[in-house]
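Engineer: In case you want the letters, here they are:
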Amino acid sequence: EVQLVESGGGLIQPGGSLRLSCAASGFTFGSYWMHWVRQAPGKGLVWLSYSNAAESDTNYADSVKGRFTISRDNARNTLYLQMNSLRNDDTAVYFCARGGGANYAGLEYWGRGTLVTVSS
Amino acid sequence: QSMLTQPPSVSGTPGQRVSISCSGSYSNVARSAVYWYQRLPGAAPKLIVTSTNHRPSGVPDRFSGSKSGTSAPLAINGLQSEDEAEYFCAAWDDSLNGHVFGGGTKLTVL
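Just so you know, the protein sequences line up as chains S and D, in that order. Under the working numbering, the first residue of the first sequence is numbered 179, with each subsequent residue one higher. Under the working numbering, the first residue of the second sequence is numbered 203, with each subsequent residue one higher.
These aren't lab readings, by the way, just hints derived from the structure by calculation. Only a predicted model underlies this, so the values are computations on that prediction, with no experimental measurement involved. Watch out, some of these pointers could steer you wrong.
As the list claims (entries may be wrong) - Each computed BS3-like pair below joins lysine-lysine, with the alpha-carbon atoms no more than 30 angstroms apart: (1) S:Lys-221 to S:Lys-243; (2) S:Lys-221 to D:Lys-248; (3) D:Lys-308 to D:Lys-248; (4) D:Lys-308 to D:Lys-269; (5) D:Lys-269 to D:Lys-248; (6) D:Lys-248 to S:Lys-243; (7) D:Lys-269 to S:Lys-221; (8) S:Lys-221 to D:Lys-308.
So here's chain D without its partners, still in its complex pose:
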């Protein structure tokens, strides 16, 4: 049912840079702002990237978003153990008149 495509899992070691891909279509990623959410186990999802490449107040600058066409990856620099969580990309979809999410990517810090 997910409209955006993410890898199920990625992993990295502390200090490493990792990237999580997010692929959509013309009606969503290409035409709209992209959002990234972090969900720690048992916690509420948290908005960590807004308007494709902006961070809400309090989000470390290690997290950065970008977009090119229908692709919008999230990069995490200087990986830390507390970054271990599930990450979801999302975008507004003009054809659905609603938000669409990716299936989520589980990040493991080795």
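Looking at chain S on its own, in the form it has when it is part of the complex:
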């Protein structure tokens, strides 16, 4: 059974940093594209970033480019999102998701998410 479990969320002050983790199991993690998506309170889903299996192809939404960094450790079956210079509007539930065979493929499996609250 495919499982994705996010962790690392919490309360952080504006300007601070946080690293989210996504532990994967039930599939060959090192063979899949992975994504981060977030949902702010009362808002829709917003795609943030993707990484291919080798981490050689990554991309970011404009809203987080230069502040967030996606990375992965295929030996540990773990995806990461390093978030710097956090702002109030980064407050959201953050999901990791497994992609298909390409960056444009649908997000086949998702975790339950981890809540990040940016507030002073």
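Position chain D relative to chain S; hints supplied.
Structural biologist: Showing chain D alone in chain S's frame:
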């Protein structure tokens, strides 16, 4: 911030057919496959329509997607109480080199 447009809410009675609209642009819906995700309260989002009109294994055939130009609705036939959830459409956007989502539609089964 949502790039695709969905109605905030729709409702129906058990057994009824409902449709949720999804409108995009040439750089996303018109040129790419469309995906639909279902999110039950507190649960992980679940892919229910892939490649515009295909259902992943285990998804009931009551759910069906289609596309015409920049519009890609989701239809749910024979509505059931367990279908009450939030539904999101999504597509790849060539100009952004990323996925774009709709704002979500809350489906209420009366």
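Engineer: Check the structure against each numbered hint from earlier and tell me which ones fail, lowest number first.
Structural biologist: none
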